[in-house]
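So the sequence lines, in the order shown, correspond to chains B and L.
Take the first sequence: its letters are residues 147 to 307, numbered as in the working numbering.
Take the second sequence: its letters are residues 679 to 1079, numbered as in the working numbering.
Keep in mind the hints are simulated off the structure, nothing from the lab.
Glycine residues also receive a C-beta, built at the ideal position from the N, C-alpha and C atoms.
Among these hints, one or two may not hold up.
[Claimed, not checked] If the Cβ cut is set under 8 Å, some of the chain L residues that face chain B in the computed set are:
| no. | residue |
| --- | --- |
| 1 | Pro700 |
| 2 | Pro727 |
| 3 | Gly733 |
| 4 | Leu981 |
| 5 | Glu1022 |
| 6 | Pro1046 |
[As the list claims (entries may be wrong)] Here are a few chain B residues that sit away from chain L, every Cβ distance over 12 Å (derived from the structure):
| no. | residue |
| --- | --- |
| 7 | Leu152 |
| 8 | Lys156 |
| 9 | Ala157 |
| 10 | Arg158 |
| 11 | Phe159 |
| 12 | Ala181 |
| 13 | Ile182 |
| 14 | Phe188 |
| 15 | Glu237 |
| 16 | Ser240 |
| 17 | Asp271 |
| 18 | Lys288 |
[To be verified] DSS-like, lysine-lysine: derived pairs with alpha carbons at most 25 Å apart:
| no. | chain 1 | residue 1 | chain 2 | residue 2 |
| --- | --- | --- | --- | --- |
| 19 | L | Lys1030 | B | Lys231 |
| 20 | L | Lys880 | L | Lys859 |
| 21 | L | Lys1030 | B | Lys288 |
| 22 | B | Lys265 | L | Lys736 |
| 23 | B | Lys265 | B | Lys154 |
| 24 | B | Lys294 | L | Lys736 |
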Amino acid sequence: MSELVLNKLKARFPEAVLETHNQFGNETLVVKREAILEVMRFLKEECGFESLMDLSGVDHLPESPRFEVVYHLKSFKNGYRVRIKVRVPEEEPSVDSVVSIWKGANWYERECYEFYGIKFQGHPDLRPLLLYPEFEGYPLRKDYPHKKRQARIALLKPETR
Amino acid sequence: MIKISDTTKDLHTRYLQVLLGPSHPAMHGTVMMNVTFDGETIIDLDIDPGYLHRGFEKECEAHRWNQIVPYTDRLNYVSSIINNVCYAMAVEKLLGIEQKIPERAQWLRLILSEISRICDHCTCLAAMTMELGGFTGFLYFIKIREYLYELLESVTGARVTYSWTRIGGGRWDAPEGFEEKTQEAIKKTRPVLKDIHGLFDKNRVFLERTVNVGVISQENALAYGITGPFLRSTGFNYDVRKAHPYLFYKEVDFEIPLGANGDNYDRYYVRMLEMEQSLRIIEQALRRLPKGPVMIDDPRLALPEKKEVYESIEGTINHLKLIFEDIYVPAGEVYAFVESPNGELGFYIISKGGNQPWKCRVHPPCFPIMQALPELLRGHMLADIIPTFGGVNMIGGEMDR
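Go ahead and model the full structure; you've got the sequences and the hints to work with.
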């Protein structure tokens, strides 16, 4: 089913597609970071993927490249679903924003930015979404300690963590 | 006729900024809205969620597979069993055992999911109608919810946070007489639903407050990635239960109610009709409910019987292994999704082998809806925020994680 889309994409962007696999019926495609905007526009306009269902980051510490941004796309017209991945290096954690293609990407990218520190180039308003403005660090990175606390007001009894 | 904008020009009024929430009697769920008003008209709206953020994903990465089940309860705490089911389905896919789950467990998951769906719709509509001044409606909806909470309690032992599913099945079987009790509850629910239809469907106050308020177009809804009753109220036919059937939804007969205008009234009506369809599904499922175990027969996943734990060395070791180490899941990644009352709920799980997930991401259905809310409300009045926000059914636990 969704393989049709994959083949179409591979034919159109032979250099941008790094890897494909299909696990548990989830068609997955790893795309070059520089080509993401082009590929996404092609998917939306010519393959009928109307909706971005989900966007999230993954931290693969200690692998290299360290980060991954994962997009789940859905085409209601054809009933297809694909997963697009972009690998993002630790030294320069940034990807092109897809807000211009799907309006719904706005909050997902803000969330991904505050939790993983991945910058989305061209995002109109990259503020933290769920965390408070004073929060320091990127909590979903694997090197952020699980037990670390950042209280906004001084605690009466200092925590002994 | 004088336009409002003309008068404000003469009067030299200023825009007024009002912070609604995070803790406000009319806001259910802690969320803050930064609203800019011109008189009473909404000029702009900025939503600031996150007051209920408790690090769900970070906690999942630090816990073992079965320990996460209670956390999923706290995502959508109005229909937590659906979260449980979706999480269990995702991990079962990773384990490759989704075909081996006992039939009774799957049917029970389906029945409990549908009961939960009615509870969720009831809670959402109860809040929405009460905020429009219809307190009677609130009491009627809560009456239905009470009948159903008792059923859920009889199976799971809890009223709100069930934690009933386990990876590989369910924790307990339904008690004796569950079928009869459910049928009785359905019999009691139908006339109340009819009363509610009579109370609101043609109620002038209700119509004036909801028709053509909070309208969203189909293209916009799709661009935001909205699913569920919100998308269906615009007339778009998409329901995960029909489009990608899971459990036994293929074998039961039900329809998908659709709206036309995508306004608050249509969302109310779609939810009302969906409850009726859920009752139909439950009735059919009760007839098909087979006898048998509710947990997979696999010592690597299921806890042994207490008798075996106390009387045999194998049982003791098995119990100890599962409690201390939990199950092991092979490496892989999966995105499993179900139809939750608000739309498509998805779990994107990455495993790198071992007894802990590498990543456990939730796609919350009310997230895209909240993102679209400013567009729904621009140009409306202050008082329209409340019913529209009520119709969105934002669940803080799921939105902020």
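* So which of the earlier hints does this model not fit? -> 1, 4, 17, 18, 20 and 23
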